Amino acid sequence: MNAESAVGRDPLTQAVIGAAFEVANIMGRGFLEVVYRKALTHELRSRGVPVREEVEFKIDYKGASVGRYVADMIVADGLIVEIKAVDAIVSAHVGQTLNYLRASGLNTGLILNFGSSRLGFKRVTL
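So the sequence shown is numbered by this note's numbering: it starts at 60 and just counts up by one.
Hints in this document: simulated from the structure, not taken from any laboratory. Please note that a few of the clues may not be correct.
Unchecked claim - No more than 27 Å apart at the CA atoms, straight line, and that leaves these computed lysine-lysine pairs for DSSO-like:
id	residue 1	residue 2
1	Lys181	Lys121
2	Lys117	Lys97
3	Lys181	Lys117
What the hints assert, rightly or not - Cβ-Cβ distance ranges computed for the label pairs, FRET-style:
id	residue 1	residue 2	range
4	Arg88	Lys121	16 to 26 Å
5	Asn84	Asp119	39 to 49 Å
6	Leu157	Gly89	20 to 30 Å
7	Ala123	Ser163	14 to 24 Å
8	Lys121	Arg177	22 to 32 Å
9	Thr184	Gly77	17 to 27 Å
Owing to the predicted nature of the structure, the values given are computational and were not obtained by experimental measurement. All residues carry an ideal CB built from backbone N, CA and C; glycine is no exception.
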């Protein structure tokens with residue numbers, strides 16, 4: 060199954076991508092990631108979709124705290140969303156999202172890139 064068909068079958072991912080297109084169409088390129096995160100949070104909440112921003116996950120090893128990750132957003136307690144404003148989504152972004160998924164116990168992530176000429180997105184699963 061390719062990414063596009065997987066996205067088409069996941070209503071939550073579809074809803075987030077639709078909201079992201081609205082943000083991209085109105086705001087265009089050139090802002091920092093935090094601006095797009097706040098705009099997308101506003102757009103999703105206005106559509107009745109629950110969102111948590113900058114969610115921290117602590118990494119423990121045998122009772123010792125050995126690190127932490129901060130995900131940009133968790134949507135509807137089931138989807139990690141990472142916001143980028145770069146030329147293109149690269150493998151390092153996918154790796155980062157996979158780390159967040161492992162740390163959170165969630166199975167699905169979505170990378171949104173507002174930095175290219177059109178909105179880029181990639182669905183990532185464990």
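Hint by hint, here is what the structure shows:
{"no.": "1", "hint": "Lys181 - Lys121", "verdict": "violated, 34 Å"}
{"no.": "2", "hint": "Lys117 - Lys97", "verdict": "holds, 23 Å"}
{"no.": "3", "hint": "Lys181 - Lys117", "verdict": "holds, 25 Å"}
{"no.": "4", "hint": "Arg88 - Lys121: 16 to 26 Å", "verdict": "violated, 45 Å"}
{"no.": "5", "hint": "Asn84 - Asp119: 39 to 49 Å", "verdict": "holds, 42 Å"}
{"no.": "6", "hint": "Leu157 - Gly89: 20 to 30 Å", "verdict": "holds, 29 Å"}
{"no.": "7", "hint": "Ala123 - Ser163: 14 to 24 Å", "verdict": "holds, 19 Å"}
{"no.": "8", "hint": "Lys121 - Arg177: 22 to 32 Å", "verdict": "violated, 46 Å"}
{"no.": "9", "hint": "Thr184 - Gly77: 17 to 27 Å", "verdict": "holds, 20 Å"}
In terms of the numbered hints stated before, the structure departs from hints 1, 4 and 8, listed from lowest to highest.
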